[in-house]
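Quick mapping for you: the protein sequence lines, in order, are chains A and B. For the record, in the first sequence the residue sitting at position 145 is 145 according to UniProt numbering, with numbers rising by one throughout. For the record, in the second sequence the residue sitting at position 148 is 148 according to UniProt numbering, with numbers rising by one throughout.
Worth flagging that the hints you see were computed from the coordinates, not collected in a lab. Watch out, some of these pointers could steer you wrong.
Since the list can't tell identical chains apart, any single copy or any two copies may satisfy a pair.
As the list claims (entries may be wrong) - With a straight-line Cα cutoff of 25 Å, these simulated SDA-like cross-link-like pairs (lysine to any residue) come out:
no.: 1; residue 1: K69; residue 2: R113
no.: 2; residue 1: K189; residue 2: Q116
no.: 3; residue 1: K69; residue 2: G178
no.: 4; residue 1: K75; residue 2: E38
no.: 5; residue 1: K74; residue 2: I204
no.: 6; residue 1: K146; residue 2: S185
no.: 7; residue 1: K146; residue 2: E181
no.: 8; residue 1: K73; residue 2: E180
no.: 9; residue 1: K73; residue 2: G178
no.: 10; residue 1: K69; residue 2: K189
no.: 11; residue 1: K146; residue 2: F326
no.: 12; residue 1: K75; residue 2: E59
no.: 13; residue 1: K257; residue 2: I201
no.: 14; residue 1: K189; residue 2: N30
no.: 15; residue 1: K73; residue 2: S239
no.: 16; residue 1: K246; residue 2: L270
no.: 17; residue 1: K269; residue 2: L241
no.: 18; residue 1: K146; residue 2: M187
no.: 19; residue 1: K189; residue 2: F63
no.: 20; residue 1: K189; residue 2: S179
no.: 21; residue 1: K269; residue 2: D118
no.: 22; residue 1: K183; residue 2: I110
2 protein chains.
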Amino acid sequence: MKISIDAMGGDYAPESIVKGINLAKKEFPNIEFQLYGEPEAIKAHLEDEKNIKIIATTELIDFHDEPVKAIRKKKDSSLVRAVKAVKDGEADAVLSAGNTGALLAAGLFIVGRIKQIDRPALMSTLPTADGTGFDMLDLGANAENKPEHLADFAILGSYYAANVRGVKNPRVALLSNGSEESKGSTMIKETHALLSNIEDINFIGNIESRDILTGAADVVVADGFTGNAVLKAIEGTASVLMRQIKNGIMNGGFTTKIGGALVKKELSKLKDTMSTDSAGGAALVGVKAPVIKAHGNSSPEAIVSTIRQIHRMLETDVTGQLVKHFEYKN
Amino acid sequence: MKISIDAMGGDYAPESIVKGINLAKKEFPNIEFQLYGEPEAIKAHLEDEKNIKIIATTELIDFHDEPVKAIRKKKDSSLVRAVKAVKDGEADAVLSAGNTGALLAAGLFIVGRIKQIDRPALMSTLPTADGTGFDMLDLGANAENKPEHLADFAILGSYYAANVRGVKNPRVALLSNGSEESKGSTMIKETHALLSNIEDINFIGNIESRDILTGAADVVVADGFTGNAVLKAIEGTASVLMRQIKNGIMNGGFTTKIGGALVKKELSKLKDTMSTDSAGGAALVGVKAPVIKAHGNSSPEAIVSTIRQIHRMLETDVTGQLVKHFEYKN
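With the rest of the complex left out, here is chain A (with noise of 0.2 Å):
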């Protein structure tokens, strides 16, 4: 297994890629790690050499860079050459923690899109309540959808839970406003209808946002503008509530400060178990090869996670299962 990285993408690259990478190499010793980037500034945090290949790169793609325009200008830059390796055959599956947009638009241009699947989807495995967690797709990488590219999320996220989540027979929710067949805009019905007579799933029927996070579903297919919203706003609340807990024990009473030393164990728990950070990345389905995005503040450990990930997905073969069925789908 050969995966390439792309060593500069992030808000703390090229150190904790690396260092990342430092621990992943001894969990995996049978994978070829690329990193693309600056030699130099990588080797400052490279413990050895082994089972590593360095490919120096002389340009940088950051978060304030146009993604169509600059996959288009900065050939040379780490993130369009780790993905080129992916294209060219010298590696099995891409990484990078840089501009989420330019990696998207790479995985799609440079890598491809799967025969007869229209529009690949950003999706990520969510945490719920009980920690087993699900898989939401189209997460942002389209802006708008139809009823026909929902029904591929469907057997793209299936398939991802099956294999490299390990559920068995998944179940496929769609994302509406009610959880009877007959809400939602009419998109959402007509895709209803269609997931209705896939046979290939276990469709379970609508789902309501409020229900997610409790597990109720293992893969949940949106369109692409709401499941972005959705997944923004679980983002912000969460983000506003434990910081509101935070201050509000910090700038509580004597009584408050010691309580919340107290807790401080079981708030740091419940931090775990609600973090992405052990999901591993966000995964760009519907392409020829695995095109995994990790977060732009992913630590070291984050990037193991999802560097189990991409094992995971290459070990299944997930992605040659996914061309196999939509070749014959027609």
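With chain A's structure known, arrange chain B on it following the hints.
Here is chain B on its own, set in the frame of chain A:
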């Protein structure tokens, strides 16, 4: 001022509703409260009948009823009769904690739309970290919307924030999947262009759902499908997190339990800040008179808040101002 009240609607009706009115009539001695429902059941909780009018009804719309069918068939239900009182000029506004869909349908078909407004919307004042709150619409009165509808929502929300909440020159934002003007679906981009050209509102551009709870806007405009999904994602996340914290503390060791007891006050203060109880109910805006939906599980205090909100709507004649605004639109 006369307010008609569906005394039988809600999880704890009529007890919670009537007890709320007992409190409200002390605060607002100039309001006549018209209670629609079963006289004996109402009287069992009523302190005295000063400023109270009880109107006997024989039917009940519950949460299982299909909204449009229910308002057509159950003409003598407390909900339909209370709404009809507004239509007939017997009351100035109506309040129900019952079936949301039925109240929306009754508001739409019985009270009727303001001239020039195609699609009334459901709006609530949601809590922010700083305690000021923001008004969001549409929260699900519509399953899909056109840009013209959202332009109306912007005006409805802006008048409401300015009059009922006393916000000077309310900042109106459009919910999208990026803050840049170029972000969003075709519908959202068209709406952005429309909102930029409305002179009567202070349009500040797009907002992501991640940022709405921080108080970055006073009014957030969304299509009914996305608004509903975002609202329920916020509610679901808050509920899961608070329950997780509670469980973590309850199932923790001795020190954690002690700590939990010490921070209890802060957590309950937080719950108050983030609670929608004090902000009143959800308003169906764009109809000819205030039609207000209180939470199904409203406490007597929540009913008082909702009466306060209705009082403010009537006092400022926000609906009359809107009728005038849209009358002169074309």
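For each hint, the structure was consulted:
1. K69 - R113: within (20 Å within a copy, 47 Å between copies)
2. K189 - Q116: Result: close within a single copy only, 23 Å intra versus 29 Å inter.
3. K69 - G178: For K69 and G178, the Cα distance is within 25 Å only across copies (18 Å; inside one copy 40 Å).
4. K75 - E38: within (15 Å within a copy, 75 Å between copies)
5. K74 - I204: neither (45 Å within a copy, 33 Å between copies)
6. K146 - S185: Classified as both; 12 Å inside a copy, 12 Å across copies.
7. K146 - E181: both (18 Å within a copy, 23 Å between copies)
8. K73 - E180: Between. Shortest inter-copy distance 22 Å satisfies the 25 Å Cα cut-off; intra-copy 48 Å does not.
9. K73 - G178: between (45 Å within a copy, 23 Å between copies)
10. K69 - K189: This pair counts as between: shortest inter-copy Cα distance 21 Å, intra-copy 36 Å.
11. K146 - F326: within (18 Å within a copy, 34 Å between copies)
12. K75 - E59: within (8 Å within a copy, 71 Å between copies)
13. K257 - I201: Intra 51 Å, inter 44 Å, cutoff 25 Å: neither.
14. K189 - N30: neither (47 Å within a copy, 48 Å between copies)
15. K73 - S239: Classified as neither: same-chain Cα gap 36 Å, cross-chain 46 Å, threshold 25 Å.
16. K246 - L270: Result: close both inside a copy and across copies, 13 Å intra and 11 Å inter.
17. K269 - L241: both (16 Å within a copy, 12 Å between copies)
18. K146 - M187: Both ways: K146 and M187 sit 7 Å apart in one copy and 14 Å across, limit 25 Å.
19. K189 - F63: between (37 Å within a copy, 23 Å between copies)
20. K189 - S179: within (12 Å within a copy, 29 Å between copies)
21. K269 - D118: Intra 41 Å, inter 49 Å, cutoff 25 Å: neither.
22. K183 - I110: between (39 Å within a copy, 23 Å between copies)
Hint check: violations occur at hints 5, 13, 14, 15 and 21; the rest are consistent with the structure.
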